[in-house]
Amino acid sequence: MEAASASVTTADHEHHGPPPANRSSRVEAQTLGMLLFIISEIMVFGAFFTAYFFIRVVKGDHWFPFHGDVLPVAVAGVNTAILLSSSLTMHWAQTSIKHDNRFGLKAGILSTFLLGLTFLFVQVNEYVHVGFSPRDHAQGTIFYGLTGLHGAHVFIGLTLLAMVTVRSFRGHYSSKEHRGVEVPGIYWHFVDAMWIIVYSSVYVL
Amino acid sequence: MAAKLRAPGFYRAGTFTLGGVVFSLALTYLVRMSYGHGRFHHFIAPNAILTVSLIAAPLAFLVGLGAFDYWFYWAAGKPTRPEDHSSHGAHSWRDYFRVNTDHKVIGIQYTVTSFFFLLVGGLMAMLMRAELAQPGSQFVDSNTFNGLFSVHASLLIFLFIIPVFAGLANFVLPLMIGAPDMAFPRLNALSYWLLPIAGLMMIASFFAPGGSFASGWTAYAPLSDTAPIGQVFFTLAVQFAGASSIATALNFLVTIITMRAPGMSFFRMPLLVWANFATSLLVVIATPFIASSQFFILLDRGLGFNFFNAGRGGDVLMYQHVFWFYSHPAVYIMMLPGFGIVSEIIAVKSRKPIFGYRMMAFSLVAIVVLGFTVWAHHMFVSGMQAWIRIPMMITTAIIAVPTGIKIFSWLATLWKGVLHLDTPMLFALGFLTMFTLGGISGVMLAMVPLDIHVSDTYFIVAHIHYVLFGGSLFTIFAGVYYWFPKMTGRMFDERLGRMHFWLTFIFFNLTFAPMHIIGLQGMPRRVADYSSQYAGWNLVISLSSFVLGASILIFVYNIVSSWRGGPRAPANPWRGMTLEWQVSSPPPIFNFDAVPTVVGGPYEYGVPGAVHGIFKGGAEVKPAPAGTVARPARE
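Protein chains in written order, with the numbering used here: chain A, 134 to 338; chain B, 154 to 788.
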């Protein structure tokens with residue numbers, strides 16, 4: 134027992150740093166961390182959908198259109214298409230850098246960022262023109278709650294994408310070092326997938 | 154001075170906090186102006202400024218302290234710089250007051266901070282018992298009393314039990330799995346610094362106009378929607394504490410999955426690692442629900458949303474469903490790491506392999522899964538749909554099965570073992586008995602008829618304290634005593650430790666056991682006054698609780714004096730096989746010279762030829778032969 138501890142002394146190791154940690158999984162730590170964070174994010178949406186479920190199903194209240202308040206389903210549909218296409222351009226950027234295609238990375242990440250920005254702009258515009266506020270009724274509360282929560286996630290995603298865009302144009306990524314594109318990409322795909330659920334439950338159903 | 158204000162640290166943090174308050178003032182002023190409030194005094198709304206400040210000022214504090222420095226540098230698109238480990242390790246006590254990325258420093262920061270909040274929360278309990286010693290009103294008015302029990306519960310749940318387990322595991326877990334640090338050291342530092350913010354915010358609520366939040370730690374809507382501004386302190390403090398636990402849980406999961414030593418398969422992990430794996434899963438999945446429930450309250454209060462405004466179609470009962478969907482799993486978040494600690498101690502102190510290692514691991518996972526199916530047993534009298542009651546009653550009774558598997562496995566581990574009845578083991582055995590009692594009253598409470606009878610009585614208070622004090626806190630004491638030599642390099646005073654145990658054990662029972670009786674008789678909880686028929690028992694409870702409160706002073710004295718001048722601890726005073734005992738006490742700054750290789754299970758005490766790990770140079774971790782004692786070296 135003492136022999137084992139004697140082999141590890143308290144001498145000052147500060148200048149050479151720790152021994153490299155053993156890699157006990159094929160998954161990279163950053164990717165796994167992002168996936169677990171997304172599980173948490175899904176549960177946040179889950180709680181907001183619980184609120185939706187209680188108003189619309191458990192209490193069985195009317196849903197839009199009612200009291201003359203209508204949701205712009207078609208405009209939001211176009212907006213959905215915009216957000217979904219941004220997932221495609223994100224994928225383009227991700228595959229490009231894996232093959233050392235710098236142009237594909239730059240074009241892909243920039244168009245993803247612009248498409249996301251357009252989506253957010255249309256969403257804000259919709260708030261301005263939709264004609265009711267969260268104060269008016271529980272339906273309005275749920276509408277603004279779910280779309281607003283998603284909008285906040287788009288904003289976080291765009292912040293990440295802005296950093297990735299700057300780095301892409303500075304040439305920081307290559308086929309060997311592209312985790313910085315990969316991990317925000319996972320988040321962006323999650324934001325897109327979540328929008329499909331929000332759109333179909335709030336606008337379509 | 155100017156240099157001090159530019160460098161990360163408390164000077165800059167203070168300046169930035171002020172900046173955060175100014176920012177909140179300007180923001181609310183501008184927003185209210187742009188919405189066209191007619192007169193000047195409408196532009197300055199104290200409640201709005203306070204609410205925004207409570208979000209902005211803590212974030213500005215963290216930025217000023219330097220928790221985000223590296224990330225800002227990275228986000229600005231500058232080239233990544235190699236890690237120079239300048240924020241790693243502690244050389245003086247000052248290093249515990251800055252953003253530090255060493256898991257051992259963070260573990261101690263976590264543990265000491267949460268014990269500070271234990272003392273504050275305990276003092277509030279003393280005040281409440283002083284008020285309750287006699288019928289009538291003596292010390293505090295009923296609004297203050299409501300504030301006291303609310304802050305007491307919130308502090309001890311969110312700022313003591315949940316983070317202290319994260320603190321102990323932060324120190325021990327990377328060592329146990331042979332990792333040099335956690336997977337994300339900077340995130341680890343951030344999750345620590347969110348904690349004091351949350352705790353101080355809860356305590357500061359007493360200075361809010363209208364008094365502290367007084368709606369209990371459950372903060373049910375619509376009361377919390379309409380309560381005075383003190384409620385917002387709870388709403389936001391829970392956000393900070395919740396963000397902290399999610400970040401830590403994520404860190405633990407990634408560390409356990411990706412950084413285990415070679416050869417350490419999942420079924421060679423110590424049970425503490427298993428327990429924290431299970432707990433972290435619970436935290437990652439459940440905590441977002443309480444965050445959301447408090448977002449709902451915040452939106453209702455701040456922006457006039459109608460989540461809980463029944464007049465405009467909101468649903469009040471929804472709050473309870475969302476809240477308990479977190480807060481029932483939260484009681485397992487507060488218990489599973491304790492199960493892990495007790496598994497370590499009982500195996501080492503009875504010098505036997507743990508009984509049913511795999512079933513111990515599987516029952517943890519079973520509790521995680523079942524924990525999500527029982528939340529509505531807190532709502533039997535809430536007026537929810539009656540058909541939910543019976544399924545919830547059945548699942549709640551079923552969850553006693555995996556817990557029972559663990560209790561019987563510990564008993565079987567003790568069976569014919571060579572028991573070392575020192576302080577950590579005494580607390581582990583105290584946990585076994587007290588938690589079993591709390592578990593039995595839990596099964597009683599699962600039964601709908603009894604639950605309806607004792608809802609909101611002292612029976613509930615007795616049950617919760619048997620599982621959280623007799624259960625969780627006993628495992629925390631056991632864990633702190635057990636790893637104290639490893640964390641500080643000093644031995645604690647065994648005599649004082651035993652005195653602390655016996656005082657705690659006896660007066661814990663004298664305090665909380667009578668609450669079962671007065672609860673069954675119908676004394677309501679959360680009320681500052683009571684009918685004179687309960688006066689006798691309440692005096693007994695109050696007097697015992699003062700001794701119970703005083704007994705913690707022995708613990709504090711023992712820890713402080715041993716830390717300053719206790720005898721030096723050997724590397725492995727308990728002759729444990731897990732990897733953290735194979736390095737020096739306290740461990741070297743980067744834990745291991747080279748990562749050891751794991752070749753066998755961690756609990757093979759008394760098994761001839763069993764080896765847990767092999768260090769560089771061929772030193773093997775074998776069970777020590779019976780009769781050998783590692784003696785602490787006197788200074």
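Treat the hints as calculated values from the structure; they're not laboratory data. Hints are not guaranteed to be accurate.
[Stated by the list, open to error] Straight-line C-alpha distance at most 25 Å; calculated SDA-like pairs for lysine to any residue:
1. 231(B) / 167(A)
2. 231(A) / 160(A)
3. 192(A) / 203(A)
4. 239(A) / 230(B)
The hints, checked one at a time:
Restraint check for residue 231(B) and residue 167(A): the C-alpha separation of about 22 Å stays at or below 25 Å, so the hint holds. At most 25 Å may separate the alpha-carbon atoms for a hinted pair to count; residue 231(A) and residue 160(A) meet this at roughly 17 Å. Note on residue 192(A) and residue 203(A): the hinted pairing holds, with a Cα-Cα distance of about 21 Å set against a maximum of 25 Å. Annotation: proposed proximity of residue 239(A) to residue 230(B) holds, straight-line Cα distance about 15 Å (limit 25 Å).
Of the numbered hints given earlier, the model fails none.
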